[in-house]
Amino acid sequence: MKVLIPGLLRSYTAGADTVVLPAHPTLDAALRDLNARYPGLRFRVVDEQDAIRPHIKMFVDGELARRLDTPLAGSAELMIVGALSGG
Amino acid sequence: MAARKTPPVAAPKRTSLLIATRKGLWALGSDAARRSWKLTGPQFLGHIVHHAVADPRDDRTMLAAARTGHLGPTIFRSRDRGRTWKEASQPPAFEAGSGRTVDHSFWLAAGHASEPGVWYAGTSPQGLFRSTDGGASWTGVKGFNEHPQRKTWCGGDQDGTPDGPKLHSVLVDPRDPKHLYIGMSSGGVFESSDGGADWAPLNKGVKALFQPDPDPPFGHDPHCVRLHPRAPDRLYQQNHCGIYRIDRPADRWTDIGAAMPKSVGPIGFPMVLHPRDPDTLWVFPMDDSDVWPRISPGGKPAVYRSVNGGKTWQRQATGLPKAQAWWTVKRQAMTADQAPTVGVYFGTTSGEIWGSRDEGRSWKCLVRNLPHIYAVEAA
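Quick mapping for you: the protein sequence lines, in order, are chains A and B.
Quick note on numbering: this note's numbering labels position 6 of the first sequence as 6, and the sequence is numbered without any gaps.
Quick note on numbering: this note's numbering labels position 36 of the second sequence as 36, and the sequence is numbered without any gaps.
Treat the hints as calculated values from the structure; they're not laboratory data.
Bear in mind that the values here come from a model prediction, so they are computed numbers and not experimental data.
For glycine and all other residues, C-beta sits at the position ideal for the given N, C-alpha and C.
Do not rely on the hints blindly, as some may be mistaken.
Partial list, computed: chain A residues near chain B (C-beta under 8 Å) [what the hints assert, rightly or not]:
#	residue
1	R10
2	A14
3	F43
4	V45
5	H55
6	I56
7	V60
In silico DMTMM-like cross-links for lysine to aspartate or glutamate, where the CA-CA straight-line distance does not exceed 25 Å [as the list claims (entries may be wrong)]:
#	chain 1	residue 1	chain 2	residue 2
8	A	K57	B	E87
9	B	K151	A	E63
10	A	K57	B	E95
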């Protein structure tokens with residue numbers, strides 16, 4: 001599947017805005033694969049209790065995924081977004 | 001406790017300041033006379049940098065605690081005095097299943113001189129973490145994080161200060177690496193004699209005016225606690241409710257804020273000690289009236305110095321604005337260098353760095369227009 005990397009995480013991916021991963025059964029598995037390729041990335045977007053951080057959004061084929069056990073079977077695209085506000 | 005020997009303090013060197021801000025990290029370096037200053041940076045632009053500290057044991061390692069508004073908390077480390085940085089492979093994080101999450105690492109402290117590579121981190125909410133590999137990986141100090149009384153001491157993670165409850169002022173006795181102190185906002189001052197395996201409160205004599213019990217054993221709000229490197233039995237604290245000194249093994253703090261002018265009061269965030277004279281210290285008072293504006297009283301910023309352990313205080317405002325300057329100086333944003341005539345420095349929430357190269361007698365603005373400054377450390 002294709003993972004769209006936001007600008008705020010591209011220091012981990014050497015500037016790549018898109019990463020292609022093999023098929024994974026869940027969002028959690030995909031993020032762990034991403035972290036194996038780009039160490040440290042997962043903890044910036046998922047906390048130690050396996051919750052997606054408050055101002056991070058993940059969309060699976062356009063649908064907001066709030067949990068790491070969200071199934072990815074048959075999905076084509078994961079989009080990670082940082083929702084920053086304030087000055 | 002075993003007999004303790006105080007190691008020598010490092011020789012004076014050219015002053016450099018690490019400036020941690022809400023939008024990144026800067027460095028400010030001086031010439032030998034501390035007359036000319038050069039600002040470099042930013043690094044980590046856009047990151048909230050809560051604290052950046054140089055390792056006094058090797059003169060090349062630096063650590064920075066950072067996060068952003070959306071990305072989780074991490075620690076960066078440099079082995080070349082800040083030229084290049086690498087992220088920790090395992091930043092401070094509570095145990096999976098504990099239900100607790102580190103919002104940010106707030107305070108960094110190098111470990112004992114005999115333990116190169118050991119660092120401590122205090123977090124928000126209150127947690128204590130230790131690294132033994134120069135800040136690359138961090139594990140929780142279970143003796144604190146899992147102490148059965150921790151929640152009683154600190155309250156819940158939703159309690160505490162508006163920016164989040166914090167563990168700060170991690171102090172290592174230079175005579176004994178297992179003798180530690182910590183400060184917590186809120187929670188109070190705690191001491192461990194066994195490397196953090198167990199902890200006991202050390203708050204007698206300290207006011208907690210926001211509690212029904214006027215002299216509770218814990219639950220206080222120390223803003224900044226300092227241990228004197230040459231006289232490690234002497235500690236000072238700038239507290240939410242005053243200024244205090246203790247000389248161990250006494251277990252009761254002495255109120256030294258009562259000697260401050262009534263029109264200014266004893267409330268503030270930071271506190272700095274003279275590196276060689278245990279009786280000399282500086283504070284930066286703030287307004288605690290009404291709804292606690294937490295800015296310079298009357299819009300007239302001033303440092304106050306004591307040279308007798310807090311018996312008396314002198315106002316030091318020469319060179320500082322005389323009116324309409326509504327600063328706050330946060331608890332990590334004031335520091336001193338090691339020069340024969342000590343330099344004292346502070347950073348403001350309005351992005352200015354002020355310095356004195358004559359122990360506070362006169363002040364000069366060294367830098368303007370930085371973001372909100374969280375921490376200033378001599379490096």
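Against the structure, the hints:
no. : hint             : result
1   : R10              : violated (12 Å)
2   : A14              : violated (14 Å)
3   : F43              : holds (5 Å)
4   : V45              : holds (7 Å)
5   : H55              : holds (4 Å)
6   : I56              : holds (6 Å)
7   : V60              : violated (19 Å)
8   : A:K57 <-> B:E87  : holds (23 Å)
9   : B:K151 <-> A:E63 : violated (39 Å)
10  : A:K57 <-> B:E95  : holds (24 Å)
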